[in-house]
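Peer 1: Next come the chains, spelled out residue by residue.
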Amino acid sequence: MKALLRWETALVFVLLVIALSAGSGFRSSQNLFYLGLDIGEIALIALPLTIVVVAGEIDLSVASVLGLSSALIGVLWQANWPLEAILPVVIVVGALCGALNGFLVTTLGLPSLAVTIGTLALYRGLALVLLGDTAVADFPPSYTSFGTQPVPGTGIPWPMLLFALLAVVFGVLLHASSYGRAVFAIGANAEAARFAGIRVRQVKFLAFTLAGAVAALAGIVYTLRFSSARADNGAGLELAVVAAVLLGGVSIFGGRGTLFGVIAGVLVLGALRNVLILNDVPTEVLTIVTGLLLLVSVLAPIRGRQDP
Amino acid sequence: MSALARFRELGILATLLVVVLGTALVNPRFLAGQSIQDLLLNASIIALLAVGQTAVVLTRNVDLSVGSVLGLSAFLTASTAAANPDLPVPLILLLGLGIGLVCGAINGAVVALGRVPSLVVTLGTLYVFRGLDYLIAQGQQVNAGDLPEALLGFGGGTLLGLPNLVLLTLLVVLAAAHYLRNHRSGRELYAIGSHPEAAILAGIPVRRRVFGVFLASGLIAGLAGALWTARYGTVDAAAGTGLELQVVAAVVVGGVAIFGGSGSAHGAALGALLLGTIASSLAVLGVPAFWQQAITGALLLAAITVDRLLALRLAAALRRAARRPTEVTG
Chain R
669 MKALLRWETA
679 LVFVLLVIAL
689 SAGSGFRSSQ
699 NLFYLGLDIG
709 EIALIALPLT
719 IVVVAGEIDL
729 SVASVLGLSS
739 ALIGVLWQAN
749 WPLEAILPVV
759 IVVGALCGAL
769 NGFLVTTLGL
779 PSLAVTIGTL
789 ALYRGLALVL
799 LGDTAVADFP
809 PSYTSFGTQP
819 VPGTGIPWPM
829 LLFALLAVVF
839 GVLLHASSYG
849 RAVFAIGANA
859 EAARFAGIRV
869 RQVKFLAFTL
879 AGAVAALAGI
889 VYTLRFSSAR
899 ADNGAGLELA
909 VVAAVLLGGV
919 SIFGGRGTLF
929 GVIAGVLVLG
939 ALRNVLILND
949 VPTEVLTIVT
959 GLLLLVSVLA
969 PIRGRQDP
Chain C
59 MSALARFREL
69 GILATLLVVV
79 LGTALVNPRF
89 LAGQSIQDLL
99 LNASIIALLA
109 VGQTAVVLTR
119 NVDLSVGSVL
129 GLSAFLTAST
139 AAANPDLPVP
149 LILLLGLGIG
159 LVCGAINGAV
169 VALGRVPSLV
179 VTLGTLYVFR
189 GLDYLIAQGQ
199 QVNAGDLPEA
209 LLGFGGGTLL
219 GLPNLVLLTL
229 LVVLAAAHYL
239 RNHRSGRELY
249 AIGSHPEAAI
259 LAGIPVRRRV
269 FGVFLASGLI
279 AGLAGALWTA
289 RYGTVDAAAG
299 TGLELQVVAA
309 VVVGGVAIFG
319 GSGSAHGAAL
329 GALLLGTIAS
339 SLAVLGVPAF
349 WQQAITGALL
359 LAAITVDRLL
369 ALRLAAALRR
379 AARRPTEVTG
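Chains as they are written, first to last, in my numbering: chain R, 669 to 976; chain C, 59 to 388.
Keep in mind the hints are simulated off the structure, nothing from the lab. Please note that a few of the clues may not be correct.
Claimed, not checked - Partial chain R-side listing against chain C, Cβ under 10 Å, derived:
no.	residue
1	Leu768
2	Ala782
3	Leu790
4	Val797
To be verified - Facing chain C, according to a computed beta carbon distance under 10 Å, are these residues of chain R, among others:
no.	residue
5	Pro779
6	Gly793
7	Leu799
8	Ala803
9	Ala899
10	Leu907
11	Leu954
12	Val966
The C-beta atom is built at its ideal place from N, Cα and C for all residues, glycine as well.
Throw the hints in and build the complete structure from the sequences for me.
Peer 2: Put into structure tokens, the structure is as follows:
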């Protein structure tokens with residue numbers, strides 16, 4: 669626990685160093701606004717994925733669910749559905765995608781890595797079947813402004829407000845509810861948790877379902893932000909989200925991690941990218957930095973863990 | 059256990075036959091020599107990578123960086139070959155192997171010495187190697203016209219009617235299958251994946267073996283990069299992006315248990331061939347390309363589900379046998 673705290677303290681410290689040393693360009697409200705928009709989807713998906721990883725599982729299909737929900741928005745919009753009707757349907761479909769992952773992992777006992785590599789292809793494939801390689805882009809500005817505009821009277825982008833709300837919900841769920849305690853117990857030792865009377869299957873099933881639903885929500889934000897529903901939206905994002913969660917100090921073995929750390933991890937990744945872009949560092953370097961951060965983040969907590 | 063493994067490979071082979079014959083019934087040209095050759099050629103690079111991945115997965119690890127290693131090796135070999143047109147083909151292949159060796163050693167060192175989960179490590183190096191690739195390429199691409207004839211000739215050439223790449227893949231598959239089945243250190247990989255702690259207690263040098271499999275996976279991915287250059291000629295920094303998931307899919311479809319300890323190199327290669335054949339067959343049958351990914355995903359899920367059900371039945375059978383020891387010995 670001490671090592672984890674140290675890790676999160678270090679992340680916040682890194683964040684402060686970035687913010688203070690980055691120059692006024694970074695701290696301008698305009699730039700911070702774009703930073704908030706830029707990390708929106710990753711930040712959202714990282715919340716439920718934290719629960720999945722703490723429970724000792726992984727979900728690589730989240731970016732495909734994002735793409736599927738974007739394609740679904742496009743198809744239903746073309747069929748003249750009102751957006752108010754589309755959005756709940758999309759979130760339900762996302763939850764169903766997550767539930768299928770959860771079913772395969774919990775009821776059939778399949779490894780989540782293999783299952784979600786399979787559904788990564790399946791859901792992205794279904795998105796392509798729905799919408800092909802076309803784009804639906806004729807959304808009215810009254811809708812797309814949600815993805816691009818600040819909450820009136822503040823400099824906070826709408827998606828960040830949504831994120832803040834969900835962060836509180838997931839924070840309570842993971843750290844202040846019996847469900848959260850069950851998640852940690854399962855991640856630490858699923859056998860022991862079962863003997864302690866925790867309903868391991870239900871807990872994991874819910875975690876996957878939540879991941880699907882929030883990934884669909886991120887698909888809505890993504891689609892509105894770019895005013896474009898496409899089947900390939902968010903392709904490859906799964907690795908960035910996993911990177912953010914692990915950078916936030918969550919153990920890939922399960923059982924350890926905090927939502928606070930993950931939020932710090934998302935912000936560090938986003939801020940670092942932003943600063944590097946502001947300083948005209950080539951995007952290739954961003955990729956390398958992301959990877960190195962991931963390596964450092966797994967090496968550091970494990971070094972700490974060997975102390976006792 | 060070996061009966062189950064054999065059944066798995068027979069199952070893949072049977073599925074493969076059904077797909078090939080079913081498609082040929084609709085379109086007989088699917089069985090023409092050229093078409094079969096294309097099938098094998100298209101599957102060969104994935105099959106090659108799947109062999110390296112098999113060794114890694116057997117030890118309960120995974121190497122997600124193979125697509126990036128392939129990309130890095132493809133661009134470096136392509137640009138080197140373009141700049142030195144007189145370089146003989148074997149040297150270019152060696153260069154690819156060397157790049158793979160370095161990448162594999164980095165993965166292996168961090169996983170084995172740092173005792174860090176391979177999923178995270180190779181996710182990290184996936185980014186690092188790909189970033190390096192883009193940094194070196196600087197947005198440029200090497201065109202087939204810039205490459206020496208000998209290299210392209212090797213990539214498109216045949217020997218005894220079989221494409222060179224297919225022969226090379228076959229060679230690697232057979233060597234790996236032989237090694238995994240008959241060599242002590244190969245058998246030890248199964249022991250490590252089945253029960254890492256027991257393997258340590260049994261005196262198996264687990265760290266050295268795990269380092270070894272990442273080295274092997276890197277070497278093969280590096281070689282695959284050089285072959286990619288020889289095959290396609292036109293290479294940019296994006297070569298092989300996303301390939302890691304196809305490779306893991308092939309390995310899993312090929313019956314290699316993702317939790318380690320069970321599977322074979324030829325099974326994984328067959329898995330790659332099956333996935334490739336299904337993709338071609340869908341194209342021949344006129345199924346829109348958009349369906350391919352969904353079907354691949356569904357197939358992968360079906361494969362691991364069947365595998366799981368078979369494993370459960372096998373475990374139940376073993377338990378029954380254990381309760382009646384006389385029948386087993388008799």
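Peer 1: Take the hints in turn and mark each one as holding or not.
Peer 2: These are the hints, each one checked on the structure:
1. With a least beta-carbon distance of about 9 Å to chain C, the hint placing Leu768/R at the interface is held under the 10 Å criterion.
2. Taken as an interface hint, Ala782/R checks out: its beta carbon lies about 4 Å from the nearest beta carbon of chain C, inside 10 Å.
3. A least Cβ separation of about 3 Å between Leu790/R and chain C falls short of the 10 Å threshold, and the interface hint therefore holds.
4. Here the hint on Val797/R is kept, as its CB sits about 5 Å from the closest CB of chain C, short of 10 Å.
5. With 10 Å as the threshold, the beta carbon of Pro779/R comes within range of chain C, its nearest partner Cβ sitting at about 5 Å, so the hint holds.
6. The interface hint given for Gly793/R is met, as the beta carbon of that residue sits about 3 Å from the closest beta carbon of chain C, less than 10 Å.
7. For Leu799/R, the interface hint holds, the least distance from its beta-carbon to any beta-carbon of chain C being 9 Å, beneath 10 Å.
8. At about 14 Å, the closest approach between the beta carbon of Ala803/R and any beta carbon in chain C exceeds 10 Å, and the interface hint on this residue is violated.
9. Using the Cβ-Cβ criterion of 10 Å, the hint placing Ala899/R at the interface with chain C is satisfied: the shortest such distance is roughly 8 Å.
10. Evaluation of the Leu907/R hint against chain C yields a held restraint, the C-beta minimum of about 6 Å falling below 10 Å.
11. For Leu954/R, the interface hint holds, the least distance from its beta-carbon to any beta-carbon of chain C being 7 Å, beneath 10 Å.
12. The restraint placing Val966/R at the interface with chain C holds, with a minimum CB-CB distance near 5 Å, inside the 10 Å limit.
This entry does not satisfy hint 8, going by the numbered hints stated previously; all others are met.
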